[in-house]
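Those sequence lines, one after another, are chains A and B.
Following UniProt numbering, the numbering of the first sequence begins with 1 at its first residue and continues without gaps.
Following UniProt numbering, the numbering of the second sequence begins with 1 at its first residue and continues without gaps.
It cannot be assumed that every hint is accurate.
As the list claims (entries may be wrong) - Using 35 Å as the maximum straight-line C-alpha spacing, the simulated DSBU-like pairs for lysine-lysine come out as follows: (1) K90/A with K57/B; (2) K81/A with K116/B; (3) K81/A with K521/B.
As the list claims (entries may be wrong) - Using C-beta positions, here's what the derived DEER-type ranges look like: (4) Q412/B with L47/A: 58 to 68 Å; (5) M185/B with L47/A: 51 to 61 Å; (6) G135/A with T727/B: 40 to 50 Å; (7) D27/A with K521/B: 21 to 31 Å; (8) N544/B with A48/A: 45 to 55 Å.
No lab work stands behind these hints, which were simulated from the structure alone.
Being a predicted model, the structure only gives us computed values, none of them experimental.
Built from N, CA and C at the ideal position, the CB exists for glycine as well.
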Amino acid sequence: MAVCVAVIGKDNSPLYIGGIGNDTSTDNELSRQWLVHTALDALEERLATTNSNNATASANAARTDLRDLYLGLLYSTDTHKIYGYVTNTKIKLVLVTSSTSPSGSNIRDAEVRTALRRLHALYADAICNPFHLPGDQIISQKFDRQVKSLMVNNV
Amino acid sequence: MATQPSDNTEFPPDIILKPLALIGLSGLDTVNNAIHKTIWDAFSNNRRPDRASVRFKLLNNTFEFPVVKPKRNSYEWYIPKGILKKNWIQKRVSLIPALVVIFYDMEWNDPQWNEKIIECASRVQSIRAAVEGHATRVAVVVVQSGLSPPPSEYMLGAERAQALCSACEIQSKSLFVLPHSDHLMGYIIRLENAFYDIAQNYYHHETKNIKQHRDHLNKTTHHYLFVRHQFKLGFLNELKQDLSTAHKHYMHAYNNLLETRQVDTNIHEIRTVAGYINYKLCKLLFALNLARDAIAQLKSHIERYKNRIGPTELLFEHYAWIARQYSAFGELFDEAIRVGLPGIQSQHPGFYYQHAAQFTVKRRQAMRSVCCEAQQYPPPPDPMEGIVEFYGQRPWRPGRLSADPHDPQKEQAAILALQYNERVFNHSAVIISFLGSAISQFKTFHSPRMRKQLVVEMANEYYYCADYGKALTLLSHMLWDYRKEKWWFLASHVLNRALQCAYLSAKIHDYIQLSIEALSKNIQVPNNDKDRIFRNIISVLNLNVPAPEHDLPASSQGKALELWGMAIDKEPHIVTIDMVNIASFLEIKTKFKQQKYRMDELIEIEIFARLTYNTILEIKTAILTISSNTETIEIPITDNDNSIIKLEGCSVKKFLCKFKTNSHDNGSELSIKNVSFILDSDKKRKIIMNFKIEDNKSLPIIHPELLHFILSPKNDYEFDCIVPLTTTFITSRECRLSIGIDNAVPALQGEWFPTTFTVTNNEDSLVYDMTIVLSLLSSPDNANPETVTELSFKQGEPQSPPLKLLIGNVNKASTYSNKFYLKTNRTATATVQIKVSYNIDLNETPKLECVKDFTTKISVIKPFEVSTNFVTMNFKPVSKCFVDDPFIVMPQIKILSPWDLLILDTELETVDCFKYADDKKPPSCISNLQVAEKNIASDAICIQAKYKPKDLPTRVGLYNIRWRRKTNTDGSIVMSSTALSGITIDDCPISIEVNYPEVVDLQTSVPLKCTLIGNTNTTIRLNLSVEGTDAYMFSGYKKFSVTVPPKDKVELCYNIHPLVAGNTVPPRIKATVLGENSRQEVIKEMFEKIFPQNIFVMPKYNK
């Protein structure tokens, strides 16, 4: 199962970081944030390489639009696997699974892809809220609830 | 860290160094013999990677080879005491050469040949005796001057070489000749390769020896030997540079080791050896360019040994060992990258250094849990003393294999000793060095954030080892990045640690800055204890020691208090904080009320301050800094004239600053540079909070329309909606002068057109230093007006633009008037700009400069149009003239001007090929003629062609008309010139003059003389015939031929007698040229033209 999901803005500031786990202590939150934050390195590297590839074949502008938003496994540590997803507006979605738990280590790529797509949809719903200011952190109980259930049930 | 006891986990150099085939060189006297020195240097210096993998060792006479152990015939009763002997590698790489080379100086034709050969043979013998028992090869190099030819071409040489071989009992391929004269390096490299071949041969032979042992071994007691032999095979193959075979044997050794029974007493030995073999395996895999396999090998290695913890009292040793595996692998990986292996972001040495650091942290944790009791080193005898023969064995029980400790007391003391050593070990230093290596790798492989995390970890280590200054430096740099990316949770973590460091090192500036930032709403502090932090700021301001931070190490607290006691009333007294770069509890927005100000207006700036932390902040002084092009001014900010400003928490306060512009600022930009709020407690210390106002670009864009929906306090909403305006433009004061223009447009092309302008002072006071500048403005239909238009204040005297007029004072409500003239040669609208500038004294600002631009447009038209007609002397239109044949030019002047004009005079300036038909210039027909619009004035000038030019003249000449406006009696006269169109000129070989009268009386004879003049240098013969008519009688030749001599004339005389009255056709002469036909047409035309078509005959008046 996913232990953490994060929504990161186009300027790389965190918009939402949600995690489930028995432990909600500061240390846990800290390690979770480090994990997501460092995942940005791999994410940015991916984006930079895809962009430069596209730049060489800029004629295929249509292909850029069709670029798969799901970036796949960004990197894995001894304990976690980190997957990435980037929307067309450069909003980054990060999903972290635990590679120590049996449900997390045997996860299939397609499942992660679906989960991140659903997260994208949830995010889109959340920012459609007229009371939400674009670029601000997402503070929404509903979004939080939905994301948590996504983490538990789907992945 | 100098006192740091050595970490036992480090790999011995024997394992780390790359094995090179050892070759001993004997018989070289490098101290006394220059040639020998050169040879030795050539072998040993500048060993580039492309040279053979050998190591040369200079053997002197006293060198002793290791004693050969007696060869074992049976292993049946042999029980090995350990896995790998510590001295075996050492022996192989530096003591037992694969080959000993004996150098001997000898020429083939040496006179003492016999003595020499005996001496050489004895040297070889002595070396043979020294290496007795080893299979070391022997070779002889004969050092020669290189003057004698090689033995193959030299019978004596070949013979003696043969003799030498047999004397020394060596094969002929072990004998080498080294000429030392030229190309020494080339010879040396060839020798080196030959030696290398022999060495490889030797090592191959050695491996065979070891393989033979295997048959004697059994798995029950000789498990260690399986490992040892395979390791030796691997190492020998490495010496032989056969890397893949070496890898195969090491792999066998590794697998054999895995099968070895493991107990608490041998766990240290097993994992030590496993670590060495694994290191060798990874190193070879990298060398074989199999980086993936190397990584996989390390992973499986760690996986296998991860759970082989060993005795729990020595748990830290296990983690130390894992950390070393990782760091050693990191070094191997790093080295491989340096020689060309590409690293990627997800796989590079940094990760292994990071793991090494992590396991060192675990090691420290293990130390903390198991070493609490190890307060002091055990009393002597020191259990750590003792020589260990095998890698990884314990000095207090060397060579013992049994699983149970034979001396529990000694064992206990040894564990205590190890634990004590671990307690005093500086883990932080090791962690920091691992992290340092990892950080540089992560930086190289594009992982800035990973690097940041490691830097924070490094700072934590510095914190743990009480190096607060270094920790603070690292943390403040990292804080910047987290703040910039708005990872506030991480920023809070970093900031809190940094604040602790700042407190512990009593760095006032950092302490204040971090405290201020800690009060920001974005930062979370432990226990949400922001009040304490705020009180601390105020304490420092009042020169009091602040209260300590949370969770400080108890050992450092006393020291910190001491430091604060010393620092609190010392420098820095003025603490300047750059508030824009930090998240803080005070936010400032500034705004010019208008985007533009006029010079006479008061500039107003609104400053909004929001205090997000719930307190009351008393600001002693607040200063606004404004800069213009020329200067920077500081304006105090006051709160309704109260210089002390009180800011209340969670509210927005607005201040208004007003000031006057400086006279230099006209036309320039003013910008807000800085707002400073100064906290001051009337003690020595001040805290200056500087808000540098940057360009709008860097600020986040504010969308007030989006903020409407946000649920926030009204104050916040208003503050958030304020769009800062940090620059304003200063324009000049509005001018209250008016201008009147008086002129008679349209102007006529070419005339000096007068315009009167009148400036009226509508200001409330006198204006002075008034200047008027006239200039021409370009317009779309008149792009370069200066080229065709002239301006002047005096009629007829052009002045170069712009025209300046210094006027001086103009009193209130009075006027100034002047007139300028404009002359243009183009019929387009001319735009004249009249720029009036002056100074005025107003109440607030003396000598205020005002400027106003007026423009006036003057349209220009042509006064008239000239067209031309050409007629003959009898006013018949012609399209062609003949040389010397006069005709009349009739210019027609069509008046276009709406104003009446007076044409004073006209004249025609003919071009070269024309001249006046009269001797002198005739007076104009239309001089002093007054004309009005749409009139047409016709002139007539009689001219004739002088010769026929090569090209047709485009014009007859310039027609000059001198004219002026009728009303403008005193004005200057304008001369307009028009080119009159050209006419075809032809020449005729003869010219004819006939005195035909226009009118004759009936019945009256008229003599008619016709003169033919030859114009050419040849005679012209003409056939003439008179064409008679019924209306006339005539006398004279009717048909005859005549010869016109060149440049002479022939006269023909006739009488004609008209018979009828009225318009009659007179008799006419027609001519044809005899002979030459080309002139026929011209002459015919000439005659046709010259003789009239009709003559009016007057009837006779009968009385």
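Hints versus structure:
For the hint pairing K90/A with K57/B, the CA-to-CA distance comes to about 64 Å; that exceeds 35 Å, so the pair is violated. Of the supplied pair hints, the one linking K81/A and K116/B is violated, its CA atoms being roughly 77 Å apart against a limit of 35 Å. Proximity of K81/A to K521/B is assessed by CA-CA distance (about 33 Å); at most 35 Å being required, the pair is judged to hold. The supplied range of 58 to 68 Å is met by Q412/B and L47/A, whose beta-carbon atoms lie about 60 Å from each other.
In this structure the supplied range 51 to 61 Å holds for M185/B paired with L47/A, their Cβ-Cβ distance being about 54 Å. A hinted range of 40 to 50 Å for the beta carbons of G135/A and T727/B is inconsistent with their spacing of about 26 Å. Taking the beta carbon of each, D27/A and K521/B are about 23 Å apart, inside 21 to 31 Å as hinted. Range check, N544/B to A48/A: Cβ separation about 52 Å, and the 45 to 55 Å hint holds.
Violated hints, in rising order: 1, 2 and 6; the structure is consistent with all others.
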